[in-house]
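What follows is the residue order along each chain.
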Amino acid sequence: MQVNEFKPKIVAFCCNWCSYAGADLAGTNRLNYPADVKIIRVPCSCRVNPLFVLRAFQRGADGVIICGCHPGDCHYTTGNYYARRRMTLLFSMLDYLGIEKERTRVEWVSAAEGAKFAATMNDFVATVTKLGENKRLEDLRCKK
Amino acid sequence: MQEVMKNKAKELLASGEVRAVIGWKKGEFCYDITPAVFTNAEEIDNGFIYDDFCGANLSKYLIKEAHKDGKVLVFLKPCDTYSFNQLLSEHRINREKVYVVGVSCDGKVDIEKIKRTVGDGIIALSSDGDKISVETLYDKYEINRADALAERCVNCKSKKHVAYDELLGDEGEVLDSKRFDEVEMIENMTADERFEFWRNELSRCIRCNACRNVCPACSCEKCIFDNDNSGYVNKAPVTSFEENMFHIIRAFHVAGRCTDCGECSRVCPQGIPLHLLNRKFIKDINTLYGDYQAGEDPEARGPLTSYTEKDPEPSVVTDKE
Ligand code: SF4
Ligand code: SF4
Ligand code: SF4
Ligand code: FES
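Chains as they are written, first to last, in this note's numbering: chain A, 16 to 159; chain B, 10 to 330.
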């Protein structure tokens with residue numbers, strides 16, 4: 016008998032200058048993280064419009080994580096400071112609406128932190144796996 | 010008060026100081042007072058009204074009116090002056106073209122609250138101080154004015170006019186309002202209860218867009234909700250996702266700019282407590298980034314267009330118990 020194990024779909028928005036390079040490094044160092052993490056490269060963490068996060072959930076993501084340069088290290092100097100406020104408020108609102116806050120996360124990962132990238136993703140995937148499928152912010156019209 | 014205002018309007022029109030007056034006039038029923046533009050003394054004599062039902066915030070009408078030639082007079086209640094300031098700081102209104110007359114306010118009445126007691130068929134209303142007398146097709150009633158006040162007036166944040174050229178009535182003060190109590194109550198529920206609570210509220214939304222149209226902060230020339238290709242303009246095939254999405258985005262777009270004027274909740278035909286979404290953002294901003302009242306100071310930098318290096322990390326939300 017085959018048991019269908021739940022594998023969460025994770026969308027990771029990674030800024031071009033730090034976190035995407037961090038993900039690359041994780042790859043070249045052959046560090047493992049689940050293949051269910053789909054990386055979307057953005058120029059800067061502050062490019063992530065709150066709508067992107069909702070859209071990802073709509074299209075079937077079970078968790079959304081945003082990765083950027085460490086505060087103070089943004090390629091555009093201040094982008095991640097704005098992203099930090101925006102995402103904090105958005106996540107708080109999702110929580111207020113009763114949507115599991117554990118499905119959202121922001122993590123700062125530099126280009127040298129391949130190991131941190133892999134560890135972060137493993138941890139996030141584990142958290143979302145425990146939560147199960149995203150039911151509260153899914154769009155049935157998008158279900159195949 | 011109404012007579013003083015009419016005289017002021019006629020005086021400024023006659024002197025040529027202003028070209029038009031933005032005020033309120035009677036709608037179809039005695040309680041549905043609507044915003045109106047007056048251009049001569051006759052119109053003012055026949056139509057101008059200032060009473061318990063002048064809830065409408067007139068500041069948004071200035072965006073269009075103040076782009077025309079000449080000056081306009083606008084009457085603003087204390088809460089409306091915050092919206093006015095906010096619009097100034099967003100460069101939506103040309104200050105030179107507006108003559109603001111601040112009018113004092115002792116709270117506006119919510120007709121829905123009256124209807125809950127007297128039912129339908131209201132034909133006449135009059136208020137004297139603490140009591141409101143209501144006449145319906147079937148009976149006569151007397152109601153305590155305090156019981157009929159709109160939610161935003163019960164929890165009024167300020168009776169102070171933060172912008173005016175002239176003031177009719179007394180200068181009020183910033184009040185110690187209990188407006189965040191209900192937000193706190195919701196925060197204290199479990200996630201499941203919160204989800205149920207909001208499903209129950211938001212699933213009633215008919216996507217009439219009234220809350221967006223009335224909001225002074227929601228004045229984008231091109232609104233994302235008007236995009237036919239977005240897949241969320243039409244209520245028929247809607248799912249719970251779309252309802253959540255609309256409300257999160259609407260509230261998020263005004264976060265940091267919403268003055269809590271209460272117009273969105275006032276106009277919602279479905280009685281959805283939209284202020285509880287807006288106030289959540291205001292409350293979060295106050296606790297995380299320091300007290301901020303949008304519209305208080307038109308020169309101030311908004312909380313979402315500024316930052317400090319010591320801002321808390323998003324993990325204060327995602328990791329909280
Ligand atoms: S919902 Fe957003 S895009 Fe639409 S008018 Fe309001 S602020 Fe502008
Ligand atoms: S969101 Fe509602 S309370 Fe806030 S400014 Fe707009 S209409 Fe006023
Ligand atoms: S006014 Fe009420 S019913 Fe209309 S779109 Fe807004 S929340 Fe929905
Ligand atoms: S470029 Fe990496 S966060 Fe701005």
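If you're looking for bench data, these hints aren't it; they were derived computationally from the structure. Cβ atoms here follow ideal geometry from the backbone N, Cα and C, with glycine treated the same way. Don't take every hint at face value.
Stretch by stretch, here's where chain B covers chain A in the computed footprint (C-beta under 8 Å, at least three residues) [unchecked claim]:
1) 28-34
2) 90-97
3) 112-126
27 Å max Cα-Cα, derived DSS-like pairs, lysine-lysine [what the hints assert, rightly or not]:
4) K116/A - K292/B
5) K34/B - K15/B
6) K319/B - K131/A
7) K116/A - K24/A
Going down the list of hints, with the structure as the test:
Beta-carbon proximity to chain B at under 8 Å applies to 0 residues in the segment 28-34 of chain A; the threshold of 3 is not reached and the given coverage is violated. With 3 residues having a beta carbon nearer than 8 Å to a beta carbon of chain B, the segment 90-97 of chain A meets the requirement of three or more and the stated coverage holds. For the segment 112-126 of chain A, the stated coverage by chain B is satisfied: 9 residues place a CB nearer than 8 Å to a CB of that chain, which reaches the threshold of 3. Using a Cα cut-off of 27 Å, the hinted pair K116/A and K292/B holds, with the two alpha carbons roughly 18 Å apart.
This hinted pair checks out: K34/B and K15/B have alpha carbons roughly 12 Å apart, not beyond 27 Å. Distance check on the hinted pair: K319/B and K131/A sit about 23 Å apart at the alpha-carbon level, within 27 Å; holds. Using a Cα cut-off of 27 Å, the hinted pair K116/A and K24/A holds, with the two alpha carbons roughly 16 Å apart.
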